[in-house]
Amino acid sequence: MDRFVVRLSATPTQSTSTPTISAGIDTPPPSPAEQPPEKKKKSSFELKVAPPKRDTSVDWRSRVTLSDNDVVGFINSQEEFENLYSEGPPTPSSSSTFPMPSRKTESPLFTVRMAIFNYLQTTHPLVEFNYSTMESTSQYKDLMTVWSTHFKKYGKSDAWKAACPPGFTIIHDNQQVGVKFDGGRLFYKVKKEGEKFNWKDLSGSKCKSENCGDQKMLDVFCRKHAIVKREILLIRDVTNLEKVNIAIVFPPVRKGKFDDLQINTILWGPVYKRTSIQKYVTNSPTAWFVIEKRLEYLSEESVAMFQSLQIQMSLMVSLHNSVTTEPAEQIHFINCDITTKAGNLAELKKGLELNNMGFKIGENNNSLNFEHSPHLPTNFNNTFPFVYVGDNQEGGFRFGEDHAVLRNSVLKSSRGHATQITTMEGVDPKNIYDVFQSNPTTSTKEEILKKSLEVETLGHQSVLVAQMMGMKSVHGNNVYNLAEKFTHFDNGWDGAIFNDLVVMMTGKEIIVKKDKLQTVPTNVKYMVPIYKTEMVGKKERQVLDVDKMKKVGVQKKVYGKVVITWI
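So in the numbering used here, spot 37 of the sequence shown is number 37, and the numbers just go up one at a time.
No lab work stands behind these hints: they were computed from the structure. Be aware that one or more of the hints could be misleading.
Calculated pairs, DSBU-like style, for lysine-lysine (alpha carbon to alpha carbon, straight line, at most 30 angstroms) [to be verified]:
# : residue 1 : residue 2
1 : Lys485    : Lys360
2 : Lys156    : Lys141
3 : Lys450    : Lys349
4 : Lys257    : Lys200
5 : Lys472    : Lys513
6 : Lys224    : Lys273
7 : Lys161    : Lys196
8 : Lys141    : Lys152
Here are the computed distance ranges between Cβ atoms for each label pair [as the list claims (entries may be wrong)]:
#  : residue 1 : residue 2 : range
9  : Asn283    : Asp182    : 41 to 51 angstroms
10 : His372    : Arg294    : 41 to 51 angstroms
11 : Val512    : Thr378    : 24 to 34 angstroms
12 : Asn478    : Asp142    : 46 to 56 angstroms
13 : Asn478    : Glu371    : 15 to 25 angstroms
14 : Lys224    : Asn439    : 45 to 55 angstroms
What you are looking at is a predicted structure, and each value in this text was computed from that prediction instead of being measured. In this text, a Cβ means the ideal position worked out from N, Cα and C, and glycines have one as well.
Make a model of the complete structure from these sequences and hints.
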């Protein structure tokens, strides 16, 4: 984390139009795992595995649904969410344990592995098999030797016969699946009706790691077992010089490193569909991003680091913009939906401190509470937007915004955020308090809504900061965050409201540290180095190569690379 340091301030030399980006999941519990079929004593059988049905009592639409060939970058994939939040399958009394229903269990690969599992149980009734460890058994390895021999025998003369090992007819979604074991790896392919079968395209393979049931994504391994590190990139639009426009992106894992051309190409593609960064490039078609900083992490830790860095940048940009006086010194952080579920708050604290920023716990203050919030007008009107908070009385807090006349008894996050409609379990309706509303007589509905959305975000940030600082609630429990994401606002910081929200949660003041930097330390690896700026105003300059941009309408521009510093 000591490599990740941000210095934010800008002195652009030219002016262009600045696009405006408007700010816009609870993981549902999986349904119980199905038990495998009873053992049948026969050496050859047809297996048809129907995808397990999901629990319809939860809203699975809030989950990202992907095909097996999809790749995901900026938004965490469903697979990554399942890896992070799955509690694992239940452990039945028998040995026939296999995973809970998920996207993976609806794939052809799961069907193939279940066929193998059932075959082993049928042909070796005296052996205890476990779905998650069957590949370690001698019986599995012997079976794969048979498959390998069968494939070599018929592979050149009859591709489909070679893909049908003796004793197996595998059906997935009413289509036959061909399999082979070659070079120590398990391959599979769904046979399309009316087409000649071959292995040239649209085939899949299992991760080479023993007992891993995931699909191969890179080389011969899945994302989890790949030794290739995944990049997290800080990028900046260098064609828009009215202000600094930056984003943190999380592109798909790959062998080599992304360059500027590759990252600009992928931002326009399906990986970033319906994200704030694609809205940005759509509204600013001449945008050209350069990679200002790249960080690399192993796949299993990259999601947590990406979320931690998003939270850090959101806080730093909000604080920076709250003390700048010139529009040109403003920072636009393009990321909008900041996911927090997997964020590492210890790393967040380190990152803030490395930038001479952070928070300090202040004096006791018992004068405020959520039941009598000082930020509600005497003429409170629930037909106007307002902010409320849910307190589970165990240290968990969650803020929400409502701009409807009626509100259900369950706490809901901002209905104004189309992608975020969630419920909170375990909060008694009597512990949901209205905490903020702008004065309806002095503000328009649009102004009231805008401020309410900003204060809702301040609420989420106040919970994260209190948790990061190890603060306790007024009931004596460790504060923790019940929300899983919040919406970033460049100019939504209000120090007084932020402090009051922390006081109402914890009974203690919070001090924001945002020290000015008079000089640029030479021993710091900047997150946004761009180039070191002389304090007298001299800057290194660079001419963009339009030929390398490969984009119509992009003009050649000279821009100053600046160190981003706090002022």
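Each hint, compared with the structure:
1. Among the hinted pairs, lysine 485 with lysine 360 is consistent with the structure: their alpha-carbon atoms are about 24 angstroms apart, no more than 30 angstroms.
2. Between lysine 156 and lysine 141 the CA atoms are separated by roughly 24 angstroms; this keeps the pair inside 30 angstroms, and the hint holds.
3. In summary, the hint linking lysine 450 to lysine 349 is supported, as the alpha carbons are separated by about 29 angstroms, within the 30 angstroms threshold.
4. Proximity of lysine 257 to lysine 200 is assessed by CA-CA distance (about 27 angstroms); at most 30 angstroms being required, the pair is judged to hold.
5. For the suggested pair lysine 472 and lysine 513, the alpha carbons sit about 20 angstroms apart, so the restraint of at most 30 angstroms is met.
6. Between lysine 224 and lysine 273 the CA atoms are separated by roughly 24 angstroms; this keeps the pair inside 30 angstroms, and the hint holds.
7. At most 30 angstroms may separate the alpha-carbon atoms for a hinted pair to count; lysine 161 and lysine 196 meet this at roughly 12 angstroms.
8. For the hint pairing lysine 141 with lysine 152, the CA-to-CA distance comes to about 17 angstroms; that is within 30 angstroms, so the pair holds.
9. Checking the proposed 41 to 51 angstroms range against asparagine 283 and aspartate 182 shows it holds: the Cβ atoms sit about 49 angstroms from each other.
10. With their beta carbons about 49 angstroms apart, histidine 372 and arginine 294 fall inside the hinted range of 41 to 51 angstroms.
11. With their beta carbons about 29 angstroms apart, valine 512 and threonine 378 fall inside the hinted range of 24 to 34 angstroms.
12. For the pair asparagine 478 and aspartate 142, the beta carbons lie near 53 angstroms from each other, so the given range of 46 to 56 angstroms is met.
13. The given range of 15 to 25 angstroms is respected by asparagine 478 and glutamate 371, whose C-beta atoms sit roughly 22 angstroms from each other.
14. In this structure, lysine 224 and asparagine 439 meet the distance hint of 45 to 55 angstroms, their C-beta atoms being roughly 52 angstroms apart.
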